[in-house]
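Taken in sequence, the protein lines are chains A and B.
Going by my numbering, the first sequence opens with residue 1, and the numbers climb by one from there.
Going by my numbering, the second sequence opens with residue 1, and the numbers climb by one from there.
Any given hint could turn out to be false.
Claimed, not checked - In silico DMTMM-like pairs for lysine to aspartate or glutamate, Cα to Cα no more than 25 Å straight-line:
id	chain 1	residue 1	chain 2	residue 2
1	B	41	A	86
2	B	44	A	29
3	B	44	A	44
4	B	36	B	107
5	A	38	B	107
6	B	36	A	26
7	B	41	A	44
8	B	40	A	10
9	A	3	B	24
10	A	70	B	102
11	A	38	B	85
12	B	44	A	10
13	B	9	A	29
14	B	41	A	55
15	B	40	A	44
16	B	44	A	22
17	A	3	B	38
18	B	41	A	26
19	A	38	B	24
In case anyone wonders, no lab produced these hints; they're calculated from the structure.
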Amino acid sequence: AQKVTQAQTEISVVEKEDVTLDCVYETRDTTYYLFWYKQPPSGELVFLIRRNSFDEQNEISGRYSWNFQKSTSSFNFTITASQVVDSAVYFCALNTGNQFYFGTGTSLTVIP
Amino acid sequence: DTAVSQTPKYLVTQMGNDKSIKCEQNLGHDTMYWYKQDSKKFLKIMFSYNNKELIINETVPNRFSPKSPDKAHLNLHINSLELGDSAVYFCASSQGPGQRGELFFGEGSRLTVL
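Bound-form chain B, shown alone (with noise of 0.2 Å):
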């Protein structure tokens, strides 16, 4: 079993359209995330859930939601995608703050807008 597993792996869309990612653990963790990968391989933290609840949320702009209907589960939503959003987009979960264990990532979804 896949412990971090996303969905799609690969999106291709237009500009203005709307996309979902959706993302699910079973290792148990608490916190899970969103990262951005542009296509200078950096790194960036987007959102933190733990325990359903919002605990990071980086300059994203609105147009991104992210959304945890239980503590397994991290979607995100992007409406009007924009050319600038292409990237991949990494999910990932941990055991929870102040537990510090290492991030365990999905594979990756890439989006690419034309």
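Only chain A is shown next, with the shape it has when bound in the complex (with noise of 0.2 Å):
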């Protein structure tokens, strides 16, 4: 079965402090892959990042970074030096064949 756990539900930090987000997933496919979207409060969902299972380095994007490990089945994502504009409702999602797997989401507020 697929599944994807955000165990952290919401998350409160002051700026300029780092934060993690948690993703685990689940699955038996060999060849998969793994996104992380945000949904800040005017709602849309903005892709942030995709890896695929081959694929283990870790990203780093400004102040965004990404660390994927199989052997842990984790993609964590980690904010640097956060920002207001950081607040927002964070979803990793597993990819495997025609479907898309969301976790539950962890809400993420910075307080200024």
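Join these two chains into a complex; the hints should help.
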């Protein structure tokens, strides 16, 4: 069965703190893709990153970084020096075959 | 140009009415989806079409009927609306099964049933 777990329902941090959002996935497929999406208060779903199962290299994009570890089936997302504009709900997702499986989301609040 | 566009953005209606939401994508993608997001922000797949053919049909009341006139359009018709249908409905598209591209979402259509 395919499943994505985001155990952190809500996180609050003070501006400029670093924060890591956890994502654990389950699949028996050897080929799969992992994604992160951001949903700001305005409501749209914004694509952040895609990773395939054969590429375990970590990725950094500005203040955002992603740590993919197949050994622990995790795809964690870190925001460095958080800003108020980072306040949003973040979704982790798994794609195998036709289906996209979404986690329940982590609501991040960055306090000024 | 908006990649995935949905109309209307807001819908307020009475219980028992019928309503439709339209979706169009100009990305040339083969696969389109409808997702429902409830008040707790859970994103739940409802339907998926690949080249006008239904490929995913999750456990959704048969009051919900998707229609794909061509691969660039996927509309959602809802009959006999109920209070529990209040949610945000997102249309999305992707390159297609096996392509493993990301989902591109529309802006969402917020349905409120009174």
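Consistency of the hints with the structure:
1. Between residue 41(B) and residue 86(A) the CA atoms are separated by roughly 17 Å; this keeps the pair inside 25 Å, and the hint holds.
2. A C-alpha spacing of about 21 Å is found between residue 44(B) and residue 29(A), which places the hinted pair at or below 25 Å, so the restraint holds.
3. The straight-line distance between the Cα atoms of residue 44(B) and residue 44(A) is roughly 15 Å, inside the 25 Å bound, and the hint therefore holds.
4. For the proposed pair residue 36(B) and residue 107(B), the alpha carbon gap of about 13 Å is at most 25 Å, so the pair holds.
5. Distance hint between residue 38(A) and residue 107(B) is fulfilled; the C-alpha atoms sit about 13 Å from each other, no more than 25 Å.
6. Taking the CA atoms of residue 36(B) and residue 26(A), the gap is near 22 Å; set against the 25 Å cutoff, the hint holds.
7. For the given pair, residue 41(B) sits about 12 Å from residue 44(A) by alpha-carbon distance, which is consistent with the 25 Å threshold.
8. At roughly 12 Å between alpha-carbon atoms, residue 40(B) and residue 10(A) fall within 25 Å of each other, so this suggested pair holds.
9. Annotation: proposed proximity of residue 3(A) to residue 24(B) is violated, straight-line Cα distance about 29 Å (limit 25 Å).
10. As the CA atoms of residue 70(A) and residue 102(B) are separated by approximately 20 Å, the hinted pair is consistent with the 25 Å bound.
11. For the hint linking residue 38(A) to residue 85(B), the alpha-carbon distance of about 24 Å falls within 25 Å, and the restraint holds.
12. Distance hint between residue 44(B) and residue 10(A) is fulfilled; the C-alpha atoms sit about 20 Å from each other, no more than 25 Å.
13. Between residue 9(B) and residue 29(A) the alpha-carbon distance is near 37 Å, which puts this suggested pair outside the 25 Å criterion.
14. Between residue 41(B) and residue 55(A) the alpha-carbon distance is near 30 Å, which puts this suggested pair outside the 25 Å criterion.
15. This hinted pair checks out: residue 40(B) and residue 44(A) have alpha carbons roughly 15 Å apart, not beyond 25 Å.
16. At roughly 20 Å between alpha-carbon atoms, residue 44(B) and residue 22(A) fall within 25 Å of each other, so this suggested pair holds.
17. At roughly 19 Å between alpha-carbon atoms, residue 3(A) and residue 38(B) fall within 25 Å of each other, so this suggested pair holds.
18. Using a Cα cut-off of 25 Å, the hinted pair residue 41(B) and residue 26(A) holds, with the two alpha carbons roughly 21 Å apart.
19. Restraint check: the Cα-Cα separation between residue 38(A) and residue 24(B) comes to about 22 Å, which is no more than 25 Å; the hinted pair holds.
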